[in-house]
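Novice: On the provided structure of chain A, position chain B as indicated by the hints.
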Amino acid sequence: MFKLLGAYFSRLSKWLVFRILLLLMLIGGIGAALLMRKIPGAWNMPYMMAYLMFPHYVGVVIGLFNYPLFTNGTIRNQLSVGHRRSHIYLADWAASNVFSVALYLVFTVGFFITLALCGEAMTAGQNPVMIEGLPSAMEVNPAASVSLKAVLCGVTLSLMQIIFFTTVTQLFCVMLKGVKSFLAIYLGNQMLVIGSIGIAALCGKYDLPDMLLNLLPSVVCMRQSSFAADPDFWPGLLAMIAETVIVYTLGSLYFRKTDIN
Amino acid sequence: MDCVLKTNNLCKHYKHFKALDGLTMQVPKGAIYGFVGRNGAGKTTLIRLVCGLQLPTSGELELYGVQHTDAKIAHSRRRIGAVVETPSLYLDMTAEENLKQQYRVLGLPSFEGIPELLQLVGLGDTGKKKARQFSLGMRQRLGIAVALCGNPDFLVLDEPINGLDPEGIIEIRELILKLNREKKITVLISSHILDELAKLATHYGFINSGRIVREMSAEELETACRKCMRVTVTDPAALARVLERKQLEYQILDDTHANIFANPVITELVLSLKEEGCELVSVEEHDESLESFYISLIGGGEHV
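Protein sequence lines, in the order shown, are assigned to chains A and B.
Position one of the first sequence corresponds to residue 1 (the numbering used here), numbered consecutively onward.
Position one of the second sequence corresponds to residue 1 (the numbering used here), numbered consecutively onward.
Only chain B is shown next, with the shape it has when bound in the complex:
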């Protein structure tokens, strides 16, 4: 798998507080990677390390194949655009002036791309209005526009929909999808608003107490959250043989549990399992939302 960002056992300590405690993750190229965790889980800390705002206490961070200790990391970071926490703007400048300033920081020779960029984020008609007078949503969009200066191929967005109204949330979501699909930009987006992330992300990383509890693709998450029948059996191999014969979709979870993504007749299932020498111990309906999946994951993580 071609990865834009890889971390291995990454730690960041603030005196005695462990903000990141051995975090290992991979952001595949072309993905919209949803970084999910409660407040204080370590999402923003990781983003700060990725952007070079802070240095790791220990562990490895690799950006486009370059380790963070290598001087060439500066070149890798030139391919990044980031909005960390709040948009970083000069409030006494207009939207256009803010972008020009970032163009100068990047050393871009011409300002030709600025009108297109402003149109892209829906700020083409702000004229001489200063960023100070912008609404929160407009500032977020301008922050993303600043991050997009220089055509980065990796966009890092920290809680980009915080404080936005529903219309603003939709606008930001559509913008991110557009950037990912049309410009092939890899996106790392952190949020604790799960439903919103579910509409965007192709990959997920669940973080708790500075560690990745689980990484999975959107397909895997969908499967995990799908409505199903969860059964407890004495012999999962026997269950698999029975379900294969009946051509039912299923997933073996462990030595005793399995999910069946269908509604088989229970009597028939029990009889078939009996013939295979397997007992059906319990059956329960399983319908997990992303939210409950996350809670069970975090709760499970805490008891590991």
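In isolation and in its complexed conformation, chain A is listed as follows:
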């Protein structure tokens, strides 16, 4: 198991694509903070990134990371020398998550540090940024102040959502085993995000969307995307952890039985 983890992390650390993406994320985080430093609600940018952009982004980059395993058949080199399938799946999952989480953290930390150094103080009473057409769950609460707790809660939920989407992406990669997984990952993740936005928009109007508030990862993140700590942090986080565990288990069981060519 540790041999495999070593091999996966070594490949990741030396992978040029990973290094370039890390650099781009850092530049993106700093650049976004500089551009948005005078806009109230700019602190929410990483949260919005997490639930609007990162599911697609994660899908593509994790698909790219897993591409040689199936398309070039490098997974055969691991199976044919006696590594257990459950270990291979776990090592790939761990490396994929380090990959996606590292990219998000570099963006977020770069963004927050730059905003803290260059941005205007976010205090109560400022006018929020109103984006027409977005559900109310995504609007900034202008009455709240930035607190470290709120930031940590938001980042934690965002990270958990990224881990969830990475787990879903890995399942797609294992099931589709090739280049067609890219399209499926992109469309699949997009459907989850669009569905979440739709459910968030319907909250308060119907019973079912209300029940799903703490279940769908993107909805959980949308509700958290304000400065104030949400009292539903733990239920949302636990729901996402449970969903990740379920998807991981399904993927691992499927991988144990699937035929590799």
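Please keep in mind that the hints were generated in silico from the structure rather than gathered at the bench.
Zero decoy hints are in this set.
No more than 27 Å apart at the CA atoms, straight line, and that leaves these computed lysine-lysine pairs for DSSO-like:
id	chain 1	residue 1	chain 2	residue 2
1	B	227	B	274
2	B	15	A	257
3	B	184	B	72
4	B	130	A	14
5	A	149	A	38
6	B	72	A	257
7	B	72	A	3
8	A	14	B	129
9	A	3	A	14
10	B	18	A	257
11	B	130	A	3
12	A	3	B	128
13	A	177	B	18
14	B	100	B	178
Specialist: Okay, now just chain B, sitting in the frame of chain A:
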């Protein structure tokens, strides 16, 4: 016989298609086992099962004496190196980096053996060239080098000379012979290029429609393909007595047929057989190539 790989009534079904249908075979230790069959006969499917890429539908597969259902099969597989269909490489890595990655997968503590391995497969001077830029032959050799990481004692090669130019074929052939003779590595090599296999293999397994039609040693195959006189007689025992007296090499095939590996004077043979109460029904020259032997075997198998 000490065997590296044994299968018994091995089956692999893909929905309604039977890729392997009760395959039974044995790969002796130290052999170069040529696995011969047409496209779709089941060669690659067997190799996938051996390497653990797929699971059998039913039957037994034993590797170094360990059944595939036993958890210890993982330890047996650590003694295997394999190239299944196409070489499994990271195309954005150099030859050396590919080998280092496999060393890490195997958990080997040092990269000391890598330069020697690259020299062995003739890729010692590829430097920083990425595998993406390699020719097909170079990729095949790098694939074999990856398979050789960790000093396996059983090498499984699936169609390793497919798409290679004549020079590349010779290089791969010499490499396999070298590994077998110098490092005592048992090799299972599948191919449908019979002439090439004939230059390598010490044992053969002929597969058709997911079943082994016949297993034989290179000596047995040579005998079967040797130029000879095939005779049809009424009493093979009498023929044997006559040929023994004349000190001629022969092989009794069945109740009426025999091969004589010489050119006896037919009149003398007929007279001698007449004295033994045996009639010579027909005589024909028999000169079978490996290819025609294979075709007759497969054709015969289909009519069983």
